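Reassemble the complex: the two chains are provided individually, in unrelated frames, and hints are given to aid placement.
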Amino acid sequence: MNEQLKAILEALIFISQEPLTLEKIKEALGEVPEDELQECLKSLIEGYSAVHHGIQIIQSGGGYLFTTKPEHDQWVRKLLQIEKKSKLSSAALETLSIIAYHQPITQAEISAIRGVDSTYCIKTLLQKKLIKIVGRKKAPGNPLVYRTSEKFLQYFGLNSLEDLPKEEEIAKILDEEKQSVS
Amino acid sequence: MEQELQEPVERQLAEESWSGSSDGYQVKLEIFEGPLDLLLYLIRKKKIDIHDIPIAVITRDYLEYLEKKDRINLDREAEFLLIAALLIYIKSQMLLPREQEAAESDDPRQILVDRLLEYQKVKIACNFLREKEEDQLMRWRRTFLPPIARPEEAELLEVSLFDLAETFFLLMKKREKENLRIIKGKDVSVEEKMKEMIDYLEANGSMDFLEYFSAQETLEEALVSFFCLLELVKNHLVIAIQEQLFQTIRVWLRKARSHHQHGHSHE
Chain A
1 MNEQLKAILE ALIFISQEPL TLEKIKEALG EVPEDELQEC LKSLIEGYSA VHHGIQIIQS
61 GGGYLFTTKP EHDQWVRKLL QIEKKSKLSS AALETLSIIA YHQPITQAEI SAIRGVDSTY
121 CIKTLLQKKL IKIVGRKKAP GNPLVYRTSE KFLQYFGLNS LEDLPKEEEI AKILDEEKQS
181 VS
Chain B
1 MEQELQEPVE RQLAEESWSG SSDGYQVKLE IFEGPLDLLL YLIRKKKIDI HDIPIAVITR
61 DYLEYLEKKD RINLDREAEF LLIAALLIYI KSQMLLPREQ EAAESDDPRQ ILVDRLLEYQ
121 KVKIACNFLR EKEEDQLMRW RRTFLPPIAR PEEAELLEVS LFDLAETFFL LMKKREKENL
181 RIIKGKDVSV EEKMKEMIDY LEANGSMDFL EYFSAQETLE EALVSFFCLL ELVKNHLVIA
241 IQEQLFQTIR VWLRKARSHH QHGHSHE
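Protein chains in written order, with the numbering used here: chain A, 1 to 182; chain B, 1 to 267.
Chain B extracted, bound-state conformation (with noise of 0.2 Å):
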């Protein structure tokens, strides 16, 4: 008995661990999918018909398997504990005295050979998937080539807080590899920095924003700057483009409306 409990619980565990096996020969095997799983395969090993499960039997088995459960993936331990409430349950509707012979119907076993059956049927389609997966993933077709990169300019896209957002992390991803250690005593506001990026454009016309935001001297402005990048889009005071994700983002001042808007007179 205890020589065939031993083996489903490793077959659980082979595929984390190499270790703790006795004799030193191990079979890597898959692990269980869930209680349904389990119960099928003691059943399948005990060869019982499925239809005439020896309850106690099975839930001695069962049960034996869940204390070792600290062997057991504990997220799926409620869901293992489930069907051994049930088992448990139908064992006691077979130990109840009953007024009149059951017919064959009122089985309280019915409910889970049907759970079974449907579990079974579950796993044959799975193995035919399976087959078909792996011949599919062995053929190529043409189109998995890499489209080739079209010469004709990039179509510009007007970039959503997303996009920008995308950038910001890689920007920071970039910054990261810095030496953070010396501190600095300069403090930027973001008003401050706002008018300095609005300057910049009126000077420039445009701004390439990821250049921009590593020539900040510090994290810090470079943060800010990237706040005000934002606050001035939503404020529709600038154009922020962006060709591609993770490419730079390039920003323009709107026409339409200057700088003066933002907090000085207007013209």
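For reference, chain A alone in the conformation it holds in the complex (with noise of 0.2 Å):
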């Protein structure tokens, strides 16, 4: 283990304010062997997992990033006099959703799968700046074309899109609600 390395990686990922890529990282190391950099990464992270760490390195928009453990989440609060961070309703979540799976998706593709008018989501949706418009599409009345954006992986710590549950993990979340019901 290249525990210089290690420092380095450590010193880099503490000082970023955004998830910091593994492109910045090797534009600010240079010649780095991919597997020597990856092994102190991994090593790196494990390291914080430690109940002794207050602080852990998470992976979120495609980038390492500094955190607190949310369970020192109340402590952190206390100290900054900061009231519970609000959550999204859950049709903005329920509308976030179908425009993960579905994207790029028109506003009224997403009414009809919700059943429900969904313009006021967008809305908020894209005042939070978690999707953006990304053009229009080919259609009568050439609608508006919707995607999710960086913040919105950043803001459910997801590293990528490829992080949301596959089709054969919901198929099987389903099954084991209805042998729960059954």
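Just so you know, the hints here were simulated from the structure itself, not pulled from any lab data.
The structure presented is a predicted model; accordingly, all values stated were derived computationally and were not measured.
Built from N, CA and C at the ideal position, the CB exists for glycine as well.
No incorrect hints appear here.
Computed list of lysine to aspartate or glutamate pairs in EDC-like fashion (alpha-carbon distance at most 20 Å, straight line):
1. B/Lys47 with A/Glu176
2. B/Lys47 with A/Asp175
3. B/Lys121 with A/Glu169
4. A/Lys85 with B/Glu131
5. B/Lys123 with A/Glu167
6. B/Lys132 with A/Glu162
7. A/Lys84 with B/Glu133
Simulated coverage check for chain B against chain A, where a stretch passes if three residues somewhere in it have a Cβ under 8 Å from a Cβ of chain A:
8. 113–123
9. 129–140
Take a look at the structure:
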């Protein structure tokens, strides 16, 4: 294990305000063997997962980032005198899940899946920058087309859209639910 | 039956009202997000297989729920009725005699089943995202800390009309508190006020508009002075600078043009 490299990585991630991508790390470090880099990152992340650490490194939005651990939330908030952060409404979350799975998608398509008009939800999500307009669909009326944004990944602590549960995983959850009901 | 139907309505209502329960016991539950949410709820409650929905039963349950619509948000009513119409349509289709034995794919329920299956997936994805959200909201990054105020001089920005308007509303709020019952008989014209402001600028070099605005005798005069500022900015007679939103606006005369352009002879 290259202990010095590990320490440098720790410094770089610590100082980054946005998730630090692998590309940026390589830019800063220059020539470093890929496997050595990966090994150090892995060891660094594992090290912080120990109970005696209050912070840890998470992979979010395609990069590495230091955060406090969820279990220390109440103390952090007390120190900073901040109320609990507000969650998205169920309607907004529903709209967001549909966009995440069906992007690029139009407002009408979202509303059709939900069975509920989603114009207002889309507006809210745009304001929160969790989704973005990526163009217009070549269809009657040229409706706007939406996608999830980079901020969407960061907000939910996802590294990429690949982190969303796959079709099979959802099917499995549904199966389990069915069994528990019957 | 009656007892069973009572529940979804209360699920809908629990959020808003804590009254109306016969046994005095209520559980706070989420409201239905839409007609499909309600339908899925009814299906699960009855432990029905989604691929083989007894349309008659479900339609009855669903409609009975809608009958209590005085307790449903009216904005949503149309959307709930749309699905009701679909249910009734499917029911009618199933009652119609057919020329041949229908193939599986001709099942009129298929359209509903497809939508419910899709919606069910959305719900699962929602749960997943909600869990992630809850986890993330309890994690704190260094970045959330408010940026430390920079000691270096503030950058000067020429304000847009929007900034001016924003400041205007702020000023209006400040003056709202004043007692406005006193009636004053003084009329101020925009022209007069504009001249007054330019004279002031010539004499003093610059103007703290917030101060000037507050110093106006009446609300009307204050309003007129704001319109004057807009007019002067528009005509490029003055420069208005605001260091930060909601802070005061500093006003200078533009050097290239003098107030003489304003209706007077040129030097």
